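Peer 1: Chains as they are written, first to last, in full-length UniProt numbering: chain C, 1 to 279; chain F, 1 to 261.
These are calculated hints, taken from the structure and not from any lab test. Certain hints may be false.
[What the hints assert, rightly or not] Calculated lysine-lysine pairs in the DSS-like style (CA-CA distance at most 25 Å, straight line):
| id | chain 1 | residue 1 | chain 2 | residue 2 |
| --- | --- | --- | --- | --- |
| 1 | C | Lys90 | F | Lys43 |
| 2 | F | Lys66 | C | Lys220 |
| 3 | C | Lys220 | C | Lys244 |
| 4 | C | Lys125 | C | Lys136 |
| 5 | F | Lys219 | F | Lys77 |
| 6 | F | Lys66 | F | Lys89 |
| 7 | C | Lys250 | F | Lys70 |
| 8 | F | Lys219 | F | Lys92 |
| 9 | F | Lys77 | C | Lys173 |
| 10 | C | Lys125 | F | Lys43 |
| 11 | C | Lys102 | C | Lys90 |
| 12 | C | Lys80 | C | Lys136 |
| 13 | C | Lys108 | F | Lys43 |
| 14 | F | Lys77 | F | Lys89 |
| 15 | C | Lys125 | C | Lys47 |
| 16 | C | Lys250 | C | Lys220 |
| 17 | C | Lys255 | C | Lys244 |
| 18 | F | Lys92 | F | Lys43 |
| 19 | C | Lys244 | F | Lys70 |
| 20 | C | Lys220 | F | Lys92 |
| 21 | C | Lys125 | C | Lys108 |
| 22 | C | Lys173 | F | Lys70 |
| 23 | C | Lys173 | F | Lys66 |
These figures come from a predicted structure and were not determined experimentally.
Listed below are the residues making up each chain.
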Amino acid sequence: MASVSEMYDVTWEEMRDKLRKWREDNHRNSEQIVDVGEELINEHASKLGDDIWIIYEQVMIAALDCSRDDLAWTCLQELKRQFPGSQRVKRLAGMRLEALEKYEDASKQYDSILQDDPTNTAARKRKISILKAQGKSAEAIRELNEYLEQFVGDQEAWHELSELYINEHDYGKAAFCLEELMMTNPHNHLYCEQYAEVKYTQGGLENLELSRKYFAQALKLNNRNMRALFGLYMSASHIAASPKVNATVKKANVKYATWATNQINRAYQGNVTNRVPGC
Amino acid sequence: MAEPELLLDSNIRLWVVLPIVFITFLVGVIRHYVSILLQSDKKLTLEQVSDSQVLIRSRILRENGKYIPKQSFLMRKFYFNNQEDGFFKNTKRKVVPPSPMTDPSMLTDMMKGNVTNVLPMILIGGWINWTFSGFVTTKVPFPLTLRFKPMLQQGIELLSLDASWVSSASWYFLNVFGLRSMYSLILGQDNGADQSRIMQEQMSGAAMAMPADTNKAFKAEWEALELTDHQWALENIEEELMSRELDLDGMFSKELPTGIF
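Looking at chain C on its own, in the form it has when it is part of the complex (with noise of 0.2 Å):
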């Protein structure tokens, strides 16, 4: 099998800015990881220098999601050579017993980093992540607003609640969560849209309503949310056909509905060109 250095024709500086630019992006291409970085660590360790320790994190990650244990197991051991009584290597290490489904044993591991530090984010999280792994969702909610009580700022387990509430079908709370978010990202379209199909889902004129505005200030923050066009369509549709409104709303709706069929058509045409209207 050719390696990575082969096939891409590519250097081992351009693999590690590679790997430098998916931990910032946060990416979760872990096969793709495994390739790079498990070249990079067998070739040319020596070259990397300190960059080498969070490459063994990130690869370890990587490795864990791929099955890859013998490959984790190298990078646990050389992380643990090197830093000794670390609490981010320990949570590593339950990461990976975690991934063997040796839950008990990860457990244990996480309650003696919080232990230690009653203030670790990370092992808190893990502890939840279990709970989840085990199909405990009620539990794993429980204990999420538990975290959720102390450490409000948490945007990734704020975000995480509301997967949680969906998958449960508790959609009032999971607007709530969306809107915490909200707030704390007032440019990010995708909470805008995910937080407009939740009220969608809950349905109801007013919620209809609320879910019409957000997908289109979904659509106003980034123009190319397709999913947004669609959800305006059919928010405002939706609203247009209920026997409920009077006649001022069902127009202003019909309105909006046809705007969004006409972009929607624009966009799939193929040869969009920019027209200022009036011009």
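The hints should help you fit chain F onto chain C, whose structure is shown.
Peer 2: What follows is chain F alone, placed relative to chain C:
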């Protein structure tokens, strides 16, 4: 009336001005690394972390509350500010003002702070004064009154000399404060050689004095939140959106990224 310009020996520039700059700079760098070595771990309690995040959340609610529906905003405002059981009304933290007597780690911190910063400044200032004394070093570009004379012209007993001409000790102090931006450039932010920042911290009552302020911070947040109104940003969003065509340029581009690189 033009004043007679004094012409200084160029040796002064070579052997006094530049060495003082170097000395100050190097001492600053050494101070930075020494402060890193002597730094004690700041242990934060769970409560402090939690409180700081709550304050951040409340601030975000005030600033960005207009992006969520009115009902949700009111729900959160109620949670924080309610008369009977609002968070800011009810939570009282036990406040132990961290004075040097009660908190031994504070005492050692203060001592370390003094040793690394104030002491070298005094020592080196005195040494420079003693070594480079008896002559004028430089002229400050703006005119000064006579009252500055004894301060800035330490070793020079000339009654008629303009106060703008200063001795080497004052050049040293100028450097200490002037090289601050150089330190940020070379050592990055938060460096231990930043004198004035450290003095500011000492004046505002020790960097670890957050616990004492938590109750006050809560009260301030409560007041600010009371005053905040909800102006929904999405009121006319449809009209704003539909006033122009969507920018769909190049949306379905023909090139797809293949492989890793």
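Peer 1: Does each hint fit the structure? Answer for all of them.
Peer 2: Consistency of the hints with the structure:
| no. | hint | in the structure |
| --- | --- | --- |
| 1 | Lys90(C) - Lys43(F) | holds (20 Å) |
| 2 | Lys66(F) - Lys220(C) | holds (16 Å) |
| 3 | Lys220(C) - Lys244(C) | violated (29 Å) |
| 4 | Lys125(C) - Lys136(C) | holds (15 Å) |
| 5 | Lys219(F) - Lys77(F) | holds (14 Å) |
| 6 | Lys66(F) - Lys89(F) | holds (24 Å) |
| 7 | Lys250(C) - Lys70(F) | holds (23 Å) |
| 8 | Lys219(F) - Lys92(F) | holds (10 Å) |
| 9 | Lys77(F) - Lys173(C) | holds (17 Å) |
| 10 | Lys125(C) - Lys43(F) | holds (21 Å) |
| 11 | Lys102(C) - Lys90(C) | holds (15 Å) |
| 12 | Lys80(C) - Lys136(C) | violated (32 Å) |
| 13 | Lys108(C) - Lys43(F) | holds (24 Å) |
| 14 | Lys77(F) - Lys89(F) | holds (12 Å) |
| 15 | Lys125(C) - Lys47(C) | violated (35 Å) |
| 16 | Lys250(C) - Lys220(C) | holds (23 Å) |
| 17 | Lys255(C) - Lys244(C) | holds (18 Å) |
| 18 | Lys92(F) - Lys43(F) | holds (21 Å) |
| 19 | Lys244(C) - Lys70(F) | holds (23 Å) |
| 20 | Lys220(C) - Lys92(F) | violated (43 Å) |
| 21 | Lys125(C) - Lys108(C) | holds (14 Å) |
| 22 | Lys173(C) - Lys70(F) | holds (16 Å) |
| 23 | Lys173(C) - Lys66(F) | holds (20 Å) |
Taken one by one, the earlier hints fail for this structure at numbers 3, 12, 15 and 20, listed in ascending order.
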